[in-house]
Amino acid sequence: MIEFVQAVLLGLLIGGVYALMSSGLTLIFGVLGIVNVAQGAFLVLAAMLTWWLWHSTGIDPLLAALLLTPVMFGFGWLLYRTAIVRVRGMPASMSVLLTFGLALTIEGILNVTAGNRFRSATPSYFDESFRVGALNLPKPQVFGFLAATAVLAALYLILTRTWTGRAIRACAQNPSGAALVGVAATGTAALAFALGTATTGVGGSIMSVLYPFFPASHYDWISRLLGIIVLGGMGSMPGALVGSLVLGLAETLTATYGSLQWSTLVFYAVIVVVLLVRPQGLFGARLREDALP
Amino acid sequence: MTDPTPPAPAGRPALAPRWVPGRLRGPVGNRHALAGVVFVALALFPAIRPHDTYRQTVLLLAFLLAIEASSWNIISGYAGYISLGHGAFLGLGAYTAGIVATRLDVHPLLIAPLGGVVAVVAAVLLGLVVLRSRGHAFVIITIALLFATQVLVVNLRSLTGGSDGITLPLPSWPAEFQNIPFYYLFLGLLGLTVLLSGWIRRTRFGTGLLAIRDDEGKAAAIGVHTTRYKVLAYACSAFFIGVAGSVYAYFLTFLNPLGAFSILTSVTIVLAVLVGGRGSLYGPVLGAFVVQIGSEQATVYGGSSQSRVLIFGIALVAVVLFLPAGAVPTAAAWWHRRHPATVEYIDQAGALARGQLARPDRTTPTGTDPAVDPAVDPAVDPEAAPARAAGQPRLVVRDRAPQAEPQRRALLEISGLTKAFGGLVAVDGADLTVRRGTVTGLIGPNGSGKTTLFNLVGGALRADAGEIRFDGRRIDRLRPWQRGHLGIGRTFQLTRLFKSMTVLENVVAPLPDARWRALLSGAVSGPEAARARDLLDFVGLGRFAGQPAGSLSYGQQKLVELAQALMLDPRLVLLDEPAGGVNPSLVARLVEIVRDLNAQGVTFLVVEHNIPMVLELCDPVVVFARGRVIAEGRPELIRRDPAVLDAYLGEDWRPPAEPADPEPAEPKGVR
Chain A
1 MIEFVQAVLL GLLIGGVYAL MSSGLTLIFG VLGIVNVAQG AFLVLAAMLT WWLWHSTGID
61 PLLAALLLTP VMFGFGWLLY RTAIVRVRGM PASMSVLLTF GLALTIEGIL NVTAGNRFRS
121 ATPSYFDESF RVGALNLPKP QVFGFLAATA VLAALYLILT RTWTGRAIRA CAQNPSGAAL
181 VGVAATGTAA LAFALGTATT GVGGSIMSVL YPFFPASHYD WISRLLGIIV LGGMGSMPGA
241 LVGSLVLGLA ETLTATYGSL QWSTLVFYAV IVVVLLVRPQ GLFGARLRED ALP
Chain B
1 MTDPTPPAPA GRPALAPRWV PGRLRGPVGN RHALAGVVFV ALALFPAIRP HDTYRQTVLL
61 LAFLLAIEAS SWNIISGYAG YISLGHGAFL GLGAYTAGIV ATRLDVHPLL IAPLGGVVAV
121 VAAVLLGLVV LRSRGHAFVI ITIALLFATQ VLVVNLRSLT GGSDGITLPL PSWPAEFQNI
181 PFYYLFLGLL GLTVLLSGWI RRTRFGTGLL AIRDDEGKAA AIGVHTTRYK VLAYACSAFF
241 IGVAGSVYAY FLTFLNPLGA FSILTSVTIV LAVLVGGRGS LYGPVLGAFV VQIGSEQATV
301 YGGSSQSRVL IFGIALVAVV LFLPAGAVPT AAAWWHRRHP ATVEYIDQAG ALARGQLARP
361 DRTTPTGTDP AVDPAVDPAV DPEAAPARAA GQPRLVVRDR APQAEPQRRA LLEISGLTKA
421 FGGLVAVDGA DLTVRRGTVT GLIGPNGSGK TTLFNLVGGA LRADAGEIRF DGRRIDRLRP
481 WQRGHLGIGR TFQLTRLFKS MTVLENVVAP LPDARWRALL SGAVSGPEAA RARDLLDFVG
541 LGRFAGQPAG SLSYGQQKLV ELAQALMLDP RLVLLDEPAG GVNPSLVARL VEIVRDLNAQ
601 GVTFLVVEHN IPMVLELCDP VVVFARGRVI AEGRPELIRR DPAVLDAYLG EDWRPPAEPA
661 DPEPAEPKGV R
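Same order as they appear, the protein sequences are chains A and B.
Here the first sequence is numbered in our numbering, starting from 1 and rising by one per residue.
Here the second sequence is numbered in our numbering, starting from 1 and rising by one per residue.
Watch out, some of these pointers could steer you wrong.
[Claimed, not checked] If you only want the chain A side, here are some residues facing chain B, beta carbon under 7 Å, derived: (1) Arg86; (2) Met94; (3) Gly101; (4) Val272; (5) Pro279.
[To be verified] Label pairs and their calculated CB-CB ranges: (6) A:Trp262 / B:Ala318: 33 to 43 Å; (7) B:Thr330 / A:Ala92: 37 to 47 Å; (8) B:His32 / A:Leu67: 51 to 61 Å; (9) A:Arg166 / B:Pro612: 43 to 53 Å; (10) B:Gly581 / A:Val181: 22 to 32 Å; (11) A:Gly187 / B:Glu616: 46 to 56 Å; (12) A:Val181 / B:Glu616: 36 to 46 Å; (13) A:Tyr125 / B:His107: 55 to 65 Å; (14) A:Ser176 / B:Gly581: 38 to 48 Å; (15) B:Asn446 / A:Ala269: 20 to 30 Å.
Note that these hints are calculated values from the structure, not bench results.
Backbone N, C-alpha and C fix where the C-beta goes; we use that ideal spot for every residue, glycine too.
Make the full structure from the sequences, and use the hints.
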């Protein structure tokens, strides 16, 4: 029983981190209609920068996120303005190919500059745990979960309480309508992409502590994140949250009661089942066809 | 490349330009011949340079990539569904050969077809899961496929040897042959792949795939069984990769999971097709040669293979941003700009010249000819008869319904139909009956739910409640293409032609039934194409068969869309604002065509805001407001109905001259 509670708690902690990591992906899809295949590479890039900061200055990896978030925001904004904006209005497949190319480029740069080996940031607490009764909660997981929750809350507030956030949501629902009421579409899209990229600042720094990574890890990560948002319904924020928790739980339960090596397959199995039973995901909506752009 | 065929002389007789299938003017005109020459040259190469093993190996790897690229092009180029994990099929084929060859001691090359079969089975299973729905999930599942297979192969140690891999026997031929047998195997497979790809493009299957790429919802509305098309395309795109994978395993003689399911394989495929030109026949082959040879050079001169990912990434970004169409299509477009085809301007008279395009009736392939339908009740449409003047080209409507049945029976019955979008109830318990042989008008204020009603009947949307019966059969749970096959055709408020196809291909694309044979019939020649030409002649646009659909005027596009719907041999045609944005003379044409078809037994349901046209053409007229029918009756009665006036002009508006008729004649007011 303790084992089960332990697994569930751990699953929820992991799910919270997944939720943060997938929030950027689903935000970008919701607003821009782009499946950003490079999101995993952004995460790995941020993780690598975190590792480097931690390694060279000794700064706590999770605190490094404070530095990295604006950096990733600027990086996303720049990428949007220079590259992504050029494929807007083209068929969706072009944006998939472009972001795929960006992912490869980032992987290649990391390969060449940092080398193809596993890394992991190991702050003093990385192998410590909180003990609550018989339960054993690893500190990095707890800190990561708290950081992720804080960022998600901030993201929620930005999207619901600020003019910019409302503009972003307006563009997600009806770009031409938003343009008519004075929302500058390109600027807002750039902001949304930058915001979605900025989430990888924190996501990557959590990753650097929790998961050993190397340049090609991003394929694994993008597969997981895409699985989450397919499950939740693409473009839906609550969907990404629920999908993350479900998959985090599924993963830890498989690892606890099955075997670790099969736990990654759980993601793919879930995706397949969801697509069979409910292709639009848990929270996805089918829209009026004639109202689509 | 020099130009073997000069552009047609300017003073060509103004005949209808026959669209010559698969042939463009200019250097690209002889591309098949050129491809043949290159193929023969490549086939002769080992004979000329038998000891140049290095070049032979570079070339055979280029053939392999070209096989992969041409195959990928079928699902991702034609149908527009990007697969980022296509290398998985190569790995599956390779592992099939490796496992079977080592376990059963069979020659690996004999297993090669089985490798293709395994790849196809994987593609079909996966396709059935993911391709039932539209959109982005596919790209995701293809990446997942690659990594999931890799995980499986690593973990199923007893079958695959896990990370240790599989060692295959060495080639069974004498050592002095070196790789030459592989060279010919891959070259032969490449030839077959290109033939398959080219053949698909020339069938209605291929047209359907392009239709899906351009506008999937529209494709479904014209009877294209989109799921079947996509799954089939995915399977076709897997087969030769699987076969080649088996051969490749024998070539490598060693397999391990990381190599066999490397994402880099998929990356090179994508890059090759993009460089050459997505959706074109030879582009992927050309791109494969460029990428393979380029990557070979990069490895030789560019240092470590570490930097290959970086080079591929930058190349992919650069191609998407600066050469999105790919080399071959871009070159072709450039050539056509330099040598424009003689444009035949479309004058008003020409566009209206249906009568002058008289030609002998062509009997339909099925041989039935119910063109003149004596059973039409003249009372239903008294003006129909004069339209059938002698000498006019008549549309040959293929027989689907027994014509003897009474004309006034209901064809389409809608009862209690409801559809809500969030809080907005667009269609609210609507009851509507369209009787056989009528041209029923459907009018109502903007936002009253008319288009939603059409989408519900056509199947683009699924109703929340209520039922729809067509010819007595319940259809509200059927997929859009099934409704098309039953005989419901529709046009759209804003035309939705497939812009990347010619006018003729647009009209050939619809499939009137679900037979496989229809799927594989020719799109550019043969009986179906001939019928499409007849229909284009019927709407007066036969001369524009070879033009890109996007080059027509808006009104002409509406007529092409009507011809497209007619290709389904519909018994009921839903016209959504046929006169919207169309000039008056074309409106007159449209009215004439609708009458003509109606006289031959086709029933129409017309949504229209052009009230004079509705009153002239339609009987009865149904008035829709707030998602339900508020009045129905003969047009002259509808014009005076107070409920209708309320709906259009506001609740408190009253005719200034006389108070509203207290007894609305006949219409069944439902408020």
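Hints versus structure:
1. Arg86: holds (6 Å)
2. Met94: With a minimum Cβ separation of about 6 Å from chain B (threshold 7 Å), the hint on Met94 (chain A) holds.
3. Gly101: holds (3 Å)
4. Val272: Constraint on Val272 (chain A) satisfied, holds at 5 Å.
5. Pro279: holds (3 Å)
6. A:Trp262 / B:Ala318: 33 to 43 Å: holds (40 Å)
7. B:Thr330 / A:Ala92: 37 to 47 Å: Between Thr330 (chain B) and Ala92 (chain A), where Cβ atoms are some 21 Å apart, the hint is violated.
8. B:His32 / A:Leu67: 51 to 61 Å: Distance hint for His32 (chain B), Leu67 (chain A) holds at roughly 60 Å.
9. A:Arg166 / B:Pro612: 43 to 53 Å: holds (45 Å)
10. B:Gly581 / A:Val181: 22 to 32 Å: holds (26 Å)
11. A:Gly187 / B:Glu616: 46 to 56 Å: Taking Cβ atoms as reference, Gly187 (chain A) and Glu616 (chain B) lie about 50 Å apart, which means the hint holds.
12. A:Val181 / B:Glu616: 36 to 46 Å: holds (40 Å)
13. A:Tyr125 / B:His107: 55 to 65 Å: holds (59 Å)
14. A:Ser176 / B:Gly581: 38 to 48 Å: violated (18 Å)
15. B:Asn446 / A:Ala269: 20 to 30 Å: violated (47 Å)
Hint check: violations occur at hints 7, 14 and 15; the rest are consistent with the structure.
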